[in-house]
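*Asks:* Position in the sequence shown (first residue = 1) + 2 = the numbering used here.
Think of the hints as simulated: they come from the structure by calculation, not from any bench.
Check each hint, because a few of them may be wrong.
As the list claims (entries may be wrong) - Once the Cα atoms are required to be at most 27 Å apart in a straight line, the calculated DSSO-like pairs of lysine-lysine come out as: (1) LYS141 / LYS253; (2) LYS309 / LYS238; (3) LYS201 / LYS122; (4) LYS258 / LYS201; (5) LYS240 / LYS306; (6) LYS328 / LYS166; (7) LYS240 / LYS201; (8) LYS391 / LYS423; (9) LYS238 / LYS141; (10) LYS328 / LYS141.
Said to hold, decoys possible - Derived DEER-like restraints, expressed as beta-carbon distance ranges: (11) HIS24 / LYS135: 38 to 44 Å; (12) PRO13 / ASN156: 27 to 33 Å; (13) GLU430 / GLU117: 39 to 45 Å; (14) ALA68 / LYS431: 43 to 49 Å; (15) GLU387 / MET367: 50 to 56 Å; (16) GLU430 / THR332: 27 to 33 Å; (17) THR332 / ASN83: 34 to 40 Å.
None of these values were measured; they are calculated from a predicted model.
All residues carry an ideal CB built from backbone N, CA and C; glycine is no exception.
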Amino acid sequence: MILFYSEEITPRIEYITQLIFHQILQVEITFTTNAAEFQKSEIPKINYSNQKFADEIFIKAHGLLAQKGIKPVELQPVKFNTETYFFESSYDSVFPFDPFAASFYLVTRYEEYFEAEIDKYGRFQSSNSILSKFNLLKKPVVNIWADLLAKEINRKYPQIVFIKRRFKFISTIDVDNAWAYLNKGFWRTKAALVKSVLKGDISEFSSRRKVLKGKEKDPYHTYDYLDSVFTANEEKVKFFFLLGDYSEHDKNISHKNSSFQKLIQQTAQKYDVGIHPSFAGFRHGCHGKVIRENERLEKIVGRKISKSRQHYLNLKFPKTYQNLIKAGITEDYTLGYPDQAGFRAGICTPFNFYDLENEETTNLMVVPFQVMDGTLRNYQELSPEDAFKETEILMREVKKAGGTFVSIWHNETVNDIGEWKGYREVFEKMNQLGFQWANE
Numbered sequence: 003m004i005l006f007y008s009e010e011i012t013p014r015i016e017y018i019t020q021l022i023f024h025q026i027l028q029v030e031i032t033f034t035t036n037a038a039e040f041q042k043s044e045i046p047k048i049n050y051s052n053q054k055f056a057d058e059i060f061i062k063a064h065g066l067l068a069q070k071g072i073k074p075v076e077l078q079p080v081k082f083n084t085e086t087y088f089f090e091s092s093y094d095s096v097f098p099f100d101p102f103a104a105s106f107y108l109v110t111r112y113e114e115y116f117e118a119e120i121d122k123y124g125r126f127q128s129s130n131s132i133l134s135k136f137n138l139l140k141k142p143v144v145n146i147w148a149d150l151l152a153k154e155i156n157r158k159y160p161q162i163v164f165i166k167r168r169f170k171f172i173s174t175i176d177v178d179n180a181w182a183y184l185n186k187g188f189w190r191t192k193a194a195l196v197k198s199v200l201k202g203d204i205s206e207f208s209s210r211r212k213v214l215k216g217k218e219k220d221p222y223h224t225y226d227y228l229d230s231v232f233t234a235n236e237e238k239v240k241f242f243f244l245l246g247d248y249s250e251h252d253k254n255i256s257h258k259n260s261s262f263q264k265l266i267q268q269t270a271q272k273y274d275v276g277i278h279p280s281f282a283g284f285r286h287g288c289h290g291k292v293i294r295e296n297e298r299l300e301k302i303v304g305r306k307i308s309k310s311r312q313h314y315l316n317l318k319f320p321k322t323y324q325n326l327i328k329a330g331i332t333e334d335y336t337l338g339y340p341d342q343a344g345f346r347a348g349i350c351t352p353f354n355f356y357d358l359e360n361e362e363t364t365n366l367m368v369v370p371f372q373v374m375d376g377t378l379r380n381y382q383e384l385s386p387e388d389a390f391k392e393t394e395i396l397m398r399e400v401k402k403a404g405g406t407f408v409s410i411w412h413n414e415t416v417n418d419i420g421e422w423k424g425y426r427e428v429f430e431k432m433n434q435l436g437f438q439w440a441n442e
């Protein structure tokens, strides 16, 4: 048990200390606002205030966690252990920066509540983040800061024992388009054939016709292959299915298609499945579409669905998460950047969403991801060899932190065809290493 003192225990303080001590370090914490009681106590203790009492662990509070509302924060760089951090503390603090305020700022995505330059899909860009500006995007700094704090506690109070945290691995597949050519319906299929002819793409025209005649396998039908990669580790895998209505950015098979329903049902017998809320639903801006799309999935699989990942990784704080909560979603896997691999919230531990607009901890569990296939190939333009190197570096960071590594791949990106030639090996090596470490 660790005694935590502050002049006031605000919802923000309670939230971030529970995350750091309970969820990451896995130790219990109790609070007090009574200075006399704190000073008399003989149990391990931390003073988070503006005044140091004696020789306790002291961290001067920055002030962010005592505030209410969302106000711009000017962040000055603070050098510590060769790294650049932020939220400056004082000379008599155990650290020259405030790890509680800095962690809160990152995991709540405080910076994303303000207007910033967005991409063509309306998404916050990694280049706008403080972690990118301070070259920290590839480090789970919140976990690192928690471990720094644990070492300081151990030094001062050697009787405190911290449990060694185990690496966890979750491999996820987004099914945006279940088949390249099959089950598209008469008019979509005919239009696609005509388009191939008009573009002079004889190769695609020929391939499409062969698949439709049953002479070749659909290039997006990689489900048997995925089963072979995931064998004996099915509990570490999740599939997310797009069931939105057809639109410019939502071009999956109709949820009414019997072959698509059968594919979903077969997948749900082996793996955990979740909803992939549509791009149109995000643009619509209300929870109604999420509810309808989730109900379609629940009807198909015959069970409650409570997990999601946004199509195109669309996130708008706090509206997207508020809508998911209203729709009954309790676990979301969207948090990560489409344009850069790394740690969007600076953390590799699942955590509860804190709604800054309402100043409350919610029951929505946010599960950050670190790597996506399209990020590695399309945005970072990495060769398969370099893509695996990047992935392995991030996996080792998560392993060192005892966190959860999450990746995003798609059924079509593992087909080892065309632009994705060579990436199947990246996928296989990543899963082999991840399952090995998680099973140790």
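*Asks:* If a hint holds in the structure, say so; if it does not, say that too.
*Replies:* Against the structure, the hints:
A threshold of 27 Å between alpha carbons decides the hint, and for LYS141 with LYS253 the separation of about 35 Å lies outside it, so the pair is violated. For the hint pairing LYS309 with LYS238, the CA-to-CA distance comes to about 14 Å; that is within 27 Å, so the pair holds. Annotation: proposed proximity of LYS201 to LYS122 holds, straight-line Cα distance about 26 Å (limit 27 Å). For the hint pairing LYS258 with LYS201, the CA-to-CA distance comes to about 31 Å; that exceeds 27 Å, so the pair is violated.
Under the criterion of a C-alpha separation no larger than 27 Å, the hint pairing LYS240 with LYS306 is consistent with the structure, at around 15 Å. For a cut-off of 27 Å, the pair hint linking LYS328 to LYS166 is broken: about 36 Å separates their Cα positions. Straight-line distance between C-alpha atoms of LYS240 and LYS201 comes to about 37 Å, which puts the hinted pair past the 27 Å bound. About 17 Å separates the Cα atoms of LYS391 and LYS423, which keeps this hinted pair within 27 Å; it holds.
A hinted pair counts as satisfied when its Cα atoms are at most 27 Å apart, and LYS238 with LYS141 qualifies at roughly 23 Å. For the suggested pair LYS328 and LYS141, the alpha carbons sit about 33 Å apart, so the restraint of at most 27 Å is broken. One distance hint, 38 to 44 Å for the beta-carbon pair HIS24 and LYS135, is violated here, with the actual separation near 30 Å. Roughly 29 Å separates the CB atoms of PRO13 and ASN156, a value that falls within the hinted 27 to 33 Å.
Between GLU430 and GLU117 the CB atoms are about 42 Å apart, so this pair conforms to the stated range of 39 to 45 Å. In this structure, ALA68 and LYS431 meet the distance hint of 43 to 49 Å, their C-beta atoms being roughly 47 Å apart. The hinted range of 50 to 56 Å is not satisfied by GLU387 and MET367, whose Cβ atoms lie roughly 35 Å apart. Here the CB-CB span from GLU430 to THR332 is close to 32 Å, well matched to the stated 27 to 33 Å.
One distance hint, 34 to 40 Å for the beta-carbon pair THR332 and ASN83, holds here, with the actual separation near 37 Å.
Of the numbered hints stated above, those contradicted by the structure are hints 1, 4, 6, 7, 10, 11, 15, listed in ascending order.
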